[in-house]
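Participant: Here's the letter readout for the chains.
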Amino acid sequence: AQTVTQSQPEMSVQEAETVTLSCTYDTSESDYYLFWYKQPPSRQMILVIRQEAYKQQNATENRFSVNFQKAAKSFSLKISDSQLGDAAMYFCAYRTNRDDKIIFGKGTRLHILP
Amino acid sequence: DTAVSQTPKYLVTQMGNDKSIKCEQNLGHDTMYWYKQDSKKFLKIMFSYNNKELIINETVPNRFSPKSPDKAHLNLHINSLELGDSAVYFCASSLRQSREAFFGQGTRLTVV
Numbered sequence: 002a003q004t005v006t007q008s009q010p011e012m013s014v015q016e017a018e019t020v021t022l023s024c025t026y027d028t029s030e031s032d033y034y035l036f037w038y039k040q041p042p043s044r045q046m047i048l049v050i051r052q053e054a055y056k057q058q059n060a061t062e063n064r065f066s067v068n069f070q071k072a073a074k075s076f077s078l079k080i081s082d083s084q085l086g087d088a089a090m091y092f093c094a095y096r097t098n099r100d101d102k103i104i105f106g107k108g109t110r111l112h113i114l115p
Numbered sequence: 023d024t025a026v027s028q029t030p031k032y033l034v035t036q037m038g039n040d041k042s043i044k045c046e047q048n049l050g051h052d053t054m055y056w057y058k059q060d061s062k063k064f065l066k067i068m069f070s071y072n073n074k075e076l077i078i079n080e081t082v083p084n085r086f087s088p089k090s091p092d093k094a095h096l097n098l099h100i101n102s103l104e105l106g107d108s109a110v111y112f113c114a115s116s117l118r119q120s121r122e123a124f125f126g127q128g129t130r131l132t133v134v
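Chains A and B are the protein sequences, given in the same order.
Sequence positions in the first sequence follow this note's numbering and run 2 to 115.
Sequence positions in the second sequence follow this note's numbering and run 23 to 134.
Simulated from the structure, these hints should not be mistaken for laboratory data.
Even glycine gets a Cβ: it sits at the ideal position worked out from N, Cα and C.
Keep in mind that a hint or two might mislead.
[What the hints assert, rightly or not] In silico contact screen, one side only, chain A against chain B (beta carbon under 10 Å); selected entries:
#: 1; residue: K56
#: 2; residue: H112
#: 3; residue: L114
#: 4; residue: P115
[What the hints assert, rightly or not] Pulled from the structure, derived: some chain B residues nowhere near chain A, Cβ distances all over 12 Å:
#: 5; residue: V34
#: 6; residue: A94
#: 7; residue: N97
#: 8; residue: E104
#: 9; residue: G106
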């Protein structure tokens, strides 16, 4: 069965510092997508970044980047220059090409300390 | 301009009642979903529809019945509401087998 594990229920980082959120997943598929979603207190689910498994290059979106290690089935999110607005729940998620469902990890609550 | 919209945003109702949540997307996507987020923030898929056909039904009680009148709409009807149904319900849409899903703003259902 496909699973997504986020081992850090909560993390804190000082404003302007860098933080890395961890995610591992389990799959026997070779073709899939990985995502990080952000859920601020407003409840809205916002896509932060996505990575196609066939791409070796790590995805980046401004201050957000990932470290994708396919062999290790690891997909961590790095947030640089943390801002107060980054405070939210962050969900790692996985989807195969053969399936319609996106599977989510249990989330990491990120606090930004001023 | 809202891509995926759900109504209502909040729903408070008594046990035993029947209620519906509506969802519409204007992205031209062919796949729509219902997810349930519990009090611990865990997101679990309930249903997936592709071109109005039910694709995924993740062992959801029969009291939950999704209905897709067309590709742009996926409604969720819940019969005989129970206290344990209290949660945030998210509608989402995507192009099948094509990357990410876009989510609505969620409906917080409280059963009293």
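Participant: Against this structure, judge whether each hint is valid.
Facilitator: Now the hints, each set against the structure:
Proximity of K56(A) to chain B is violated relative to the hint, the smallest CB-CB distance being about 12 Å (cut-off 10 Å). With a cut of 10 Å, the hint placing H112(A) at the interface with chain B is violated, because the nearest CB-to-CB distance is about 15 Å. Restraint check, L114(A) versus chain B: the minimum CB separation of about 21 Å is more than 10 Å; hint violated. Hint status for P115(A): violated, given a least beta-carbon distance of 24 Å to chain B, over 10 Å.
Chain A leaves V34(B) outside its interface by the beta-carbon criterion, the shortest separation being 16 Å against a cut-off of 12 Å. Distance check on A94(B): its Cβ is at least 17 Å (rounded) from any Cβ of chain A, clearing the 12 Å threshold; non-interface status holds. No Cβ of chain A approaches the Cβ of N97(B) within 12 Å, the least distance being about 18 Å, so the stated non-interface status holds. No Cβ of chain A comes within 12 Å of the Cβ of E104(B); the nearest lies about 22 Å off, and the non-interface call holds.
At roughly 19 Å, the least C-beta separation between G106(B) and chain A is larger than 12 Å, which holds for a residue marked as non-interface.
Consistency with the previously given hints fails for numbers 1, 2, 3, 4, ordered from lowest to highest.
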